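Chemist: All chains, full assembly: derive it from the sequences and hints.
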Amino acid sequence: TEIEDSYDEIDVEDLIPNEPMVVTITHNGYVKRVPIKSYERQKRGGKGKVAVTTHDDDFIERFFVSNTHDTLMFVTNMGQLYWLKVYKIPEGSRTAKGKAVVNLINLRPDEKIMAIIPTPDFDESKSLVFFTRNGIIKRTSLNEFSNIRSNGVRAIVLDDADEIVTAKIADVQTQYIMIFTSLGQCIRFELEKTRDQGRSTRGVRGIKFKIDTDIVVDADVIDSEEQEILTVSEKGIGKRTTIEEYRLTNRAGSGVIAMKLSPKTGNIVGEVLVDDTQDLMLLTSIGKMIRVDMQTIRKAGRNTSGVIIVNMDKDDKVVSIAKCPKEDEEIELDENGNIIRYNEDGEVIETSKDEEENLLDIIDNKEEE
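All letters in the sequence shown, in the order written, are residues 1 to 369 by the UniProt record's numbering.
If you are wondering where the hints come from, they were derived from the structure by calculation, not from laboratory data. Everything numeric in this text was worked out from a predicted model, so none of it was measured. Mixed in with the good hints there might be a few duds.
Said to hold, decoys possible - Pairs of lysine-lysine, BS3-like flavour, derived with a Cα cap of 27 angstroms: (1) K210 <-> K168; (2) K112 <-> K97; (3) K99 <-> K112; (4) K126 <-> K85; (5) K299 <-> K314; (6) K97 <-> K37; (7) K326 <-> K288; (8) K288 <-> K97; (9) K288 <-> K314; (10) K37 <-> K112; (11) K314 <-> K168; (12) K88 <-> K99; (13) K126 <-> K210.
Stated by the list, open to error - Distance ranges between label pairs, derived from CB positions: (14) G287 <-> E244: 36 to 44 angstroms; (15) P120 <-> V204: 22 to 30 angstroms; (16) E245 <-> N103: 39 to 47 angstroms.
Yeah, the Cβ is synthetic: ideal placement off N, Cα and C, and Gly gets one too.
Modeler: Have a look at this one:
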């Protein structure tokens, strides 16, 4: 009788505990993960700082909680999509710099990451929405990207001289698409006006430019007309406007005026959905980084220039914007990473978890500083 050993194929992931991690990604592309238990507060009170050390020319741009088995999707300007399991991100301390993303995924020469999207699953009820510089939009079921490959996949077929500007994830709550152009146009239309397409397709026209030299600079997916959007121009002019002020139109139209532009404003450089729990970071052409409290930016009508957010030097201009965590914030988490809120009597009134918005400023206990 011959006895043979028999081993079932072992998946490495099965050997890794599925634990919640705080993942931070900086503007310059450094990423790390830290066990969420490292941030758990033992009691109320105290203030701290965002738990990451960055250099003068860098800042935290994304900050969320994901489990070790979750996946990060990286979308590049060339239309490629790459995957990275959270457990493959090097674990670091609260003050560690992290590791460059380019050392973790196989980017091609001249390929730049334009969007980073975390997902716990590839639910077919969700979609990835891609936006290109030349005004093309493409919506693809998230399930199309469930077959993870180390060298990535083509997510969209791009025309010559076109490239991806950004990509967003749309779910059952998403109602609208908004696209912004450099020369001040904006279009808002219903998400359902775009149908799901396969990976190896071009997409459809999202916005029609009034001027041939115009380009798309940013885009977003919107859940409610009550949300506010903040637009910023090259000369540091900006405004926050309620979504409902942007008239709902059909896809592929010219849209409406997003900002009244002039030589004093310069062109639009980007937009962000307003969140008063975060700050706005502006990057300029000469390398300055300017942090602004979103609550200090006044509301203004859609067809206006807005207000001065920051005074720019004559030879300088804003080149990009991003939301970032406030430097100081009072916050308390439970063992699952949920934010705990109290009423005036100290009683718990709400426990919520919003990986994109609320968990951007998990802080350390005052006694640990």
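Chemist: Which of the numbered hints are not met once you compare them with the structure shown?
Modeler: Violated: hints 10, 11, 13.
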